[in-house]
Amino acid sequence: MNNYFTYKPLELIFCSLVVCCIVIIAMKELFNSYWPWYVAGPLIGLMVPVLLIFFNKHFGISSTFRDFCAVAIPGRIDYFKYDVKEHLWRNVLVLGSLAGGAIAVLLTGKPVQVHISPQTTADLKELGIADFKGLLPDDIFSWNNLLTIKGLVFIVIGGFLVGFGTRWADGCTSGHAITGLSLMAPSSMLAVLGFFAGGIVTTHIILPLIL
Amino acid sequence: MKYIPLFFIGLIFGIILVKGEIVSWFRIQEMFRFQSFHMFGVIGSAVVVGFISVTLIRKFGIRTVSGEKIDLSPKPLRKVANISGGFLFGLGWALTGACPGPIYILIGTGAFIFVAVLISAWLGTYVYGLVRKWLPH
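Protein chains in written order, with the numbering used here: chain A, 1 to 211; chain B, 212 to 348.
Calculated from the structure, these hints are not laboratory results.
Quick caveat, the model's predicted, so the values are computed rather than measured.
Hints are not guaranteed to be accurate.
As the list claims (entries may be wrong) - Below, in silico cross-link-like pairs of lysine-lysine (DSBU-like), each with a Cα-Cα straight-line distance of 30 Å or less:
#1 A:Lys150 - B:Lys280
#2 B:Lys270 - A:Lys81
#3 B:Lys280 - B:Lys270
#4 A:Lys125 - B:Lys213
#5 A:Lys85 - B:Lys280
#6 B:Lys290 - A:Lys133
#7 B:Lys213 - A:Lys150
#8 B:Lys344 - A:Lys85
#9 B:Lys344 - A:Lys133
#10 A:Lys81 - B:Lys213
Just chain A, with the same shape it has in the complex (with noise of 0.2 Å):
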């Protein structure tokens, strides 16, 4: 019993920045603009203890890749040879957020179009990009592209490499950069470092080669 009055005004601080939180959402919405920094970064910020105090478990996506090849082709590789119903609370989220991709377009409509910097606008105009509507560019990312070499450059090798390298890492953005910093992690760390390599050398050397 002991524990019931030592821990309720904990979830109580945690009601009323979920509370906050809403209200916030509200007001923003009330503008109807895109969330701004400051309150969509503190919000995700907000996973890790919540996860950490409500359920012991460190916030992390990328798992979820390995917790459907083990159920899906498990064969004979070790790595896939794990008990993934301890691990069906991240899949659950995982599921959690595809849902929240839905209702947010449903309730709000899908961006216009992203707020972006014009300079940013500028150099992929120059790339050849010409679709800036919604969150992503048709020109890359339509099904029609999809067996060209474009498309399976951006599409299923990007996607490959996105599988692979955070396995290998051991953690994404989620896991590492997130949680892991927050843990101050020299492997979060270095990992971190690793993303930001990996996307400046595809952002500046391979995307005006291949676009």
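Take the given structure of chain A and dock chain B to it, following the hints.
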């Protein structure tokens, strides 16, 4: 039943990433071109909030709601794997404009082409499992 709250946490996560435009390929391009503070602000402020929470948990010995000791052990340091895996992921992140979370979320927003990205990511994970023992870690 204990999974229902997790579904809702995921749901909120999905909404934040769409409304913050973090799932957008354009935003990732902007980030890797260092042309706006948006993405750095998002990641930076998320880490600050996470770090403060972790520090408070450590300092006050906060336990989980069910009274367990909170596990704050970081991921093991594997220098070569962290850097080279991270580098490969970075290459893919700038191509797809999506890290693993947004891959799922984009499918939810109706960008069904990301099912192909997801399948490719599963394939990448599977191949990693296959070749893992020959890779440096």
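To see whether the hints hold, each was checked on the structure:
no.	hint	in the structure
1	A:Lys150 - B:Lys280	violated, 49 Å
2	B:Lys270 - A:Lys81	violated, 37 Å
3	B:Lys280 - B:Lys270	holds, 13 Å
4	A:Lys125 - B:Lys213	violated, 48 Å
5	A:Lys85 - B:Lys280	holds, 22 Å
6	B:Lys290 - A:Lys133	violated, 40 Å
7	B:Lys213 - A:Lys150	violated, 43 Å
8	B:Lys344 - A:Lys85	holds, 25 Å
9	B:Lys344 - A:Lys133	violated, 44 Å
10	A:Lys81 - B:Lys213	holds, 25 Å
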